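Asker: Assemble chains C and W onto chain U, guided by the hints.
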Amino acid sequence: MRRRVAVTINGTKHEHEVEPRLLLVQYIRDVVGLTGTHVGCDTSNCGACTVELDGHSVKSCTVFAVQADGAQVTTIEGLAQGTTLHPLQQAFWDEHGLQCGFCTPGMIMAARQLLARNPNPSEQEIRVGLEGNLCRCTGYHNIVKSIQAAAKVMAPGAERKAPAPVS
Amino acid sequence: MAISQMVGASIKRREDPRLVTGTGSYVDDIPQTAVVHMHVIRSSEAHARILGIETGRAKEADGVIAILTGKDLKPEFGAPLPVTVCFVPDKKYPNHYPIAIDKVHYVGEPVAIVLATSRAAAEDAGERIEVKYQSLPAVLDIEKAIEKGAPILHEELGSNLSYDVKFAAGDMDAALKEADVTIKQRLIQQRLIPIAIEPRGVLADFKTFSNKLTVWSSTQIPHFVKVWLAVILGIPESNVRVVAPEVGGGFGSKIRVYPEEILTALASRRLGRPVKWIEDRNENVKATHHGRDQIWDVEIAAKKDGTVLGIRPTQWLNLGGYCSQFGTFQVLGMLVAQGAYKMKAFDGRAVGVFTNTTPTDAYRGAGRPEATYLIERVMDLVARETGIDPVEVRRKNFVRVEDQPFTTLLGLTYDSGDYTTTLNKALEMVDYKALRREQAEKRKQGKYLGIGLSTYIEICGLGPAAATQAAVGVSLWGMSVVNVHFTGKATVIIGSSPHGQGHETTYAQVASDVLGIPVEDIDVQHGDTAIGPMGMDTYGSRSTALDGNAVHVSATKVQEKARKIAAHLLEAAEGDVVYENGKAFVKGTPSKAVTIQEIAVAAFQTSRLPKGMEGGLEATTFFDPTNFVWPFGAHICVVEIDAETGATRILRYVAVDDCGTRINPMVVDGQLHGGIAQGIGQALFEEAVYDEAGQLRTGSLVDYLVPTASDLPSFELAATITPSPVNPLGTKGIGEAGTIASTPAVMNAIVDALEPFGVKDVSMPATPQKVWALMHRNGGTKR
Amino acid sequence: MIPAAFDYVVPRTLPEAVAELVKHGQEAKVLAGGHSLIPLMKLRLSTPSFLVDIGRIGNLSYIREEDGHVAIGALTSHHDIEFSELLKNKLPLLTSAASQIGDPQVRNRGTIGGAAAHADPFGDFPACLLALDAEFKAVGPRGERSIAARDFFVDTFTSSLEPNEILREIRIPTPPPGSRGTYLKFSRRSQDWAIVAVAAQVRVTGHEVTQVAVGLTGMGSHPIRASGVEQALRGKAGHDDELRGAAERATDGTDPPQDLNGSPDYRRHLARVLTRRALEQVTAHH
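Read top to bottom, the protein sequences are chains U, C and W.
Taking our numbering, the leading residue of the first sequence gets 1, the next gets one more, and so forth.
Taking our numbering, the leading residue of the second sequence gets 168, the next gets one more, and so forth.
Taking our numbering, the leading residue of the third sequence gets 951, the next gets one more, and so forth.
Simulated from the structure, these hints should not be mistaken for laboratory data.
Just so we're clear, the structure is a prediction, and the values are computed from it rather than from any experiment.
Certain hints may be false.
[Said to hold, decoys possible] Straight line, CA to CA, 35 Å or less: simulated DSBU-like cross-link-like pairs of lysine-lysine:
{"id": "1", "chain 1": "C", "residue 1": "Lys299", "chain 2": "W", "residue 2": "Lys979"}
{"id": "2", "chain 1": "C", "residue 1": "Lys611", "chain 2": "W", "residue 2": "Lys1038"}
{"id": "3", "chain 1": "W", "residue 1": "Lys1038", "chain 2": "U", "residue 2": "Lys145"}
{"id": "4", "chain 1": "W", "residue 1": "Lys1186", "chain 2": "C", "residue 2": "Lys609"}
{"id": "5", "chain 1": "U", "residue 1": "Lys145", "chain 2": "C", "residue 2": "Lys592"}
{"id": "6", "chain 1": "U", "residue 1": "Lys145", "chain 2": "C", "residue 2": "Lys179"}
{"id": "7", "chain 1": "U", "residue 1": "Lys145", "chain 2": "C", "residue 2": "Lys614"}
{"id": "8", "chain 1": "U", "residue 1": "Lys145", "chain 2": "C", "residue 2": "Lys937"}
{"id": "9", "chain 1": "W", "residue 1": "Lys973", "chain 2": "C", "residue 2": "Lys226"}
{"id": "10", "chain 1": "C", "residue 1": "Lys609", "chain 2": "U", "residue 2": "Lys145"}
{"id": "11", "chain 1": "U", "residue 1": "Lys152", "chain 2": "W", "residue 2": "Lys1038"}
{"id": "12", "chain 1": "C", "residue 1": "Lys614", "chain 2": "W", "residue 2": "Lys973"}
{"id": "13", "chain 1": "W", "residue 1": "Lys979", "chain 2": "C", "residue 2": "Lys226"}
{"id": "14", "chain 1": "C", "residue 1": "Lys600", "chain 2": "U", "residue 2": "Lys145"}
{"id": "15", "chain 1": "C", "residue 1": "Lys379", "chain 2": "C", "residue 2": "Lys241"}
{"id": "16", "chain 1": "U", "residue 1": "Lys13", "chain 2": "W", "residue 2": "Lys1038"}
{"id": "17", "chain 1": "W", "residue 1": "Lys1038", "chain 2": "C", "residue 2": "Lys614"}
{"id": "18", "chain 1": "C", "residue 1": "Lys179", "chain 2": "U", "residue 2": "Lys152"}
{"id": "19", "chain 1": "C", "residue 1": "Lys592", "chain 2": "U", "residue 2": "Lys152"}
Next comes chain U alone, as it looks inside the complex:
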């Protein structure tokens, strides 16, 4: 009953024989070993498991690995360039956009999609765009600020000051 899947995760192709019932999040975490993608619920409400699948943010707890066969997946581990953080990661750090950090990878992946679709969102558009991601620590206040800050940096034509590598 096992199926062969080939999934390119953060630019690296992985091939495995898996049970059809294996969820994409289990594939990413337990088979490939990228544990930055978290599981916080069973019902696709919390968004902690958000990854990009062929350019669309999805809840990887509600996708079977076999459905991602041949797909390109980006996880939180795929955002930083070496030790230089992605502008969203940098902004979450700068603006105290996280506390316990458990929802953060999914939150950042959701924010990435949000900014890709709307590079200059209003506060309300950010809040609505995060509907699929629960955070219990921050009250979302600084998450909103983080995304606003990242939007400024990522805006087309913005003066890019390269963030310093994390020592």
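Answerer: Positioned in the frame of chain U, the structure of chains C and W alone reads:
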């Protein structure tokens, strides 16, 4: 004393680079080979006798290693799960084992464990286990549970009553006689599910031939867990190590020694292999303790000028199926229900009752949200009854600055506080008078604006040791080790472990100021019982008041030793040498200084030390403060209610909080944001609901409504700073203040909005349906 | 939360998919976006032993206008509907509803065909498709058939699709110029299922309401056409008092459910309020 530079600075958290890149390590992220997966079979019945558990078919399933029931495991329990005093020394409670043996008392109680080579195999096998129950009538409701003839959960106790205790001072009957106004009101604290976004998880690894156990657990209390694993499993405490790795939120839900911690450890000992259990959300909502679930009945005596003479609250507490470890902690609410106000009489009573529900225990605030909800609703009820503005009623009754340190009727003494100033500042921020005018205007247009206040005080920072020994049953203090290394870099070890609070940053700030060592050269370690002597862990907003100050004291001890070494190196008299910003020098000649690096080298090249001095540059502190700390503040919430749908929208949320010295204001504000959001969650969204058979109807995040980003406003925060006199840093706590304050602010705003409809109270959560029904109960006619 | 084991096939064409369904009978289920099915499977409330993943069948994701109809492929995602320029112009009711389903991640994955076939009484698309008189093209062992929306939604989680039929396309008559639509949804939080929602499509020509269609979500075991509202408003001028009066009839013949978020009374009340608001919105400035 060194000039403070880092304390008070909003520096970025050093925890974050690993967390924003997904490279932090929560329990489920810890790599382990040959791990056995545990799946817990849980009771589907709220109240039943276990007649038998058929495991034969399951044992034959693929990948199954063992299946164990309560009967199998009972001989291995050296003791039941712990229960602490927590304000009620004489309560009745049953022995609670990590797994049900003869009877189940709530849906979700463990009845068997499956150990298998994969999680999938364990769940597959679980489907084949048949538990035969003899169903018993279930009782879920506090009042029904203590009626005559109610089904009794624990026959050995004779009834479902655990305790009925009084907390009284002053003459309440006289207060009622003197009163112009008396009010009776029932206030409901609905049952809440904490929902840390990381559910719990445990990895236990028992090494047979060394008799040593290591447990990684998503817990707030690794040190307590270590002690109880040793006691229950009968392993020397010195052979048990408990690690709390990254912990994805707690909010009180991870402060128990939980059944699964014991069960994974026992299973690992049996199998000689590491055993892992990761909680599903589906389990979490019933297996991890719940919060609140209390009824407060209050009688109020007041004068027509708004003076509150006394209150008589009765707190009915639903304990759930067992008395949890800190299950009576919420009675603390009684002790602090006087709030920020003076009065003559307090006549409190707390009654704890068992029901067939998930056990309740601490949830963000634990007792203080309930107390604050009570007293802040009392102030508004008196305002409504007397026709005086709620602001004026509060001013009338406030404990004043000149009354501090103020001692309450029940004998607790506030450390410091200026309640008028925080209130004034909050009123200014919202422009209270203009808001009231706007409210009046809008009412004429059929729009319902509400303004709610909460001028809270709270107690935190547990110790002091003597007081907590008496009240809680454990001596609570702060612990730190500060160790300066050969190269002049330092390690700080603390006895509390964060789950989002940022200790790795803030305690480095504290040590940095004392030692003059840059923050980036100070590593803060925590959450591992093997690295320090002992810790009292993290709950009740205690870490900074206790362990933070312990860091300050240890660093000061190290500084003192460094100064002595420096005097020796400088060939100067000890009394002439000062230590500032990482350098020691003879007073007046800072150019001829020795640096902490040079001192540290000497501390380990022990031949260079003064005669009789031991090597090393290290200090350990068990810090015991002189009192609790009492944060306070004023929150104002402005809501608008859609008269047609009953939906509440928060227009503004303003908070002025005083938690004494702020080590890192950015982190303090973050704690407030999250706390306020959680309190708003209780006011507007969250409620655990059982059906009549004791099945949880809000059994997933589909039905249990945690607020999302679009349900909340941005928060407007400001601060006053009144340092606490009871610890050297002057810090108080801030982890729970937001939650404690915000629930009554929101509810007072809603009741205020509904004033034209004659509504005096709205039960929580204020759902659109409930609000709509209250507005239309008299056919929608306004008063 | 791991689903029970199942076997899995990825057909490349609809006939192949139908053949698999026929072969495996009741044990088989169709997997599209998976956002209804997978959570149920994780809770083991649904334990199919065979899944037919139609996600890789070509040419089932499209939105196009042809012969006076808008045709939407069954695998078109909620997101593609939400952001379709064609639909924004011709059927804003659908883009409005799509933008209120679940959350962005769910909308990326969920499909209109899956949502229709799942027939959740609290789902957002069914009431819209009912109000728009959509036609459902389904492929089965005996070829393709067409099902009218009023015959499609039968009961809670029950459509008139046969177990071995697969939805291929949804066709909606292109509303005439001047026809306007909106979807108003009331829920506790925005990611939640509707307590009640109203889909309204109205055309006012000159001073006459020439077209009015209202669909209700959350008012029964399946989406409902508020025919009382439609009768009351059709042919009227669309004045405020007429809209109010018509909206009062939103509850005619409904039997709304009771759950944690709403009693039948509250739902009836919401249906009237939301209907009035929807009608006001789509007739504004006439």
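Asker: Taking each numbered hint in turn, which are not upheld by the structure, reported in ascending numerical order?
Answerer: 2, 12, 16
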